[in-house]
Amino acid sequence: MASARVARTQSIRPYELKVAGLYPEAQQLAISDTIHNSAIKSAIRGDIKYDFYRGVPEREFETILREISEQDYDLIIGSIFNHEDLARAVALDFRSQSYLFGSYRPTPEFLTSFSIFENYTHDASYLAGIIASGLSETKVLGVFGTLYSLNSYRNLNAFTQGAKEVNSQINILVELIDGAIDPAIMAEKLEFQKAFGVDLIYAERVGVEKYSTENEILTIGNIHNHAKQYPDLMVSSTLWHFQPTLNVALNRLRNNDFKTENLRQYSGLKHGGCSLASLGSFINRVPPDVIEKAARRINEIKNENYEVATVELLPVTELGQ
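Under our numbering, the residues of the sequence shown are numbered 1 to 321, in order.
Check the hints yourself; a few may be wrong.
[Stated by the list, open to error] Pairs of lysine-lysine residues, derived as DSBU-like cross-links and limited to a Cα-Cα distance of at most 30 Å, are as follows: (1) K293 with K228; (2) K270 with K41; (3) K164 with K194; (4) K302 with K41; (5) K259 with K41; (6) K302 with K259; (7) K259 with K49; (8) K293 with K139; (9) K210 with K139; (10) K210 with K164; (11) K41 with K18; (12) K270 with K164; (13) K228 with K194; (14) K293 with K164; (15) K189 with K228; (16) K259 with K270; (17) K189 with K210; (18) K41 with K228; (19) K259 with K293; (20) K270 with K293.
Just so you know, these hints were derived from the structure itself, not from any lab.
Remember, it's a predicted structure, so these values are computed and weren't measured experimentally.
All chains, full assembly: derive it from the sequences and hints.
Take a look at the structure:
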């Protein structure tokens with residue numbers, strides 16, 4: 001096999017399904033870690049036998065995916081945001097193999113066992129907006145997302161929706177990052193936001209939290225909980241939980257019902273696919289009525305009495321009147 005590192009987990013009881021995880025080296029580490037950690041939990045419970053290939057060189061992705069597909073795995077998981085066409089080309093040659101990949105593209109109908117998912121977590125971003133709007137003293141919030149990412153656009157627009165429900169006059173300064181984070185450019189952007197009065201930042205773009213906290217700006221992170229790293233400045237984080245999506249796929253396999261579909265809805269709050277991390281000591285700084293509103297919305301979303309708007313338009317800076 002090509003030069004990827006393979007490792008195996010041990011189950012606590014005989015496994016039911018064999019799963020392989022494939023994680024290219026250039027993929028967003030936070031996303032890959034979330035997928036990988038969920039699979040490990042399933043293996044520890046004894047639901048699956050799990051092999052994983054991490055740090056796969058980009059140039060070897062297709063070769064390794066083909067070699068894995070030739071083995072007797074019930075399911076291959078991972079994310080293919082940099083390899084959309086290659087992954088589908090491989091799947092075309094292994095039509096009986098089941099795949100579950102993070103992807104932004106729909107799957108062609110002729111691929112019948114190629115399911116996709118996204119970290120469809122704008123419910124949590126909406127809740128973050130509610131909390132941020134209530135916590136901000138200057139009523140000026142900053143948000144950092146990723147240019148050309150519909151997922152990022154959804155999250156930032158949902159954050160704005162939540163913030164404006166608390167204060168329709170809130171100011172929100174939007175920054176979208178194209179490519180890798182440049183420390184010098186980040187310093188300039190943060191200096192500008194601080195000068196404009198920003199006192200809390202939603203670091204939807206993973207990695208921004210490092211720089212915002214260095215600048216002593218209150219921050220809400222994304223995907224993982226960063227509170228232990230930055231306890232005095234990390235208000236909360238919008239968390240993505242892959243386990244519900246994986247559980248659905250495994251149940252489909254057990255019932256011989258696995259098929260091509262988009263499982264992104266299982267990243268929603270209703271299914272336990274996302275949440276807002278504990279506010280810790282910051283809960284005492286948020287007005288009680290705002291905490292109550294967030295709690296009420298959580299119950300309404302879970303009970304299908306409220307739906308956060310899905311807006312994939314380019315988010316723009318909004319200044320209160």
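K41 and K18 were given as a pair; does the straight-line alpha-carbon distance stay at or below 30 Å? Distance ~14 Å between K41 and K18 Cα, so the pair holds.
Holds or violated: K228 to K194, with C-alpha atoms at most 30 Å apart: 24 Å, holds
With the threshold set at 30 Å, check whether the alpha-carbon distance from K189 to K228 stays at or below it. 25 Å, holds
Hint check: K210 vs K139, CA-CA at most 30 Å. Holds or violated? Between K210 and K139 the Cα gap is close to 23 Å, so the pair holds against 30 Å.
Can you confirm whether the C-alpha distance between K259 and K49 stays at or below 30 Å? Holds. K259 to K49 sits at ~21 Å (cutoff 30 Å).
Regarding the pair K210 and K164, is the alpha-carbon distance no greater than 30 Å? OK: K210 and K164 at ~26 Å, within 30 Å.
Hint check: K302 vs K259, CA-CA at most 30 Å. Holds or violated? Holds, at about 26 Å.
Is K293 close enough to K164, meaning Cα to Cα at most 30 Å? Given that 30 Å is the threshold and the Cα spacing comes to 13 Å, the pair holds.
Can you confirm whether the C-alpha distance between K270 and K293 stays at or below 30 Å? 17 Å, holds
Check the hint pairing K164 with K194 against an upper bound of 30 Å on the C-alpha distance. Distance of about 21 Å is within 30 Å: holds.
Between K259 and K270, is the straight-line Cα distance small enough, at 30 Å or below? 22 Å, holds
Does K41 lie within 30 Å of K270 when you go C-alpha to C-alpha? 21 Å, holds
Of the numbered hints stated above, the single one contradicted by the structure is hint 19.
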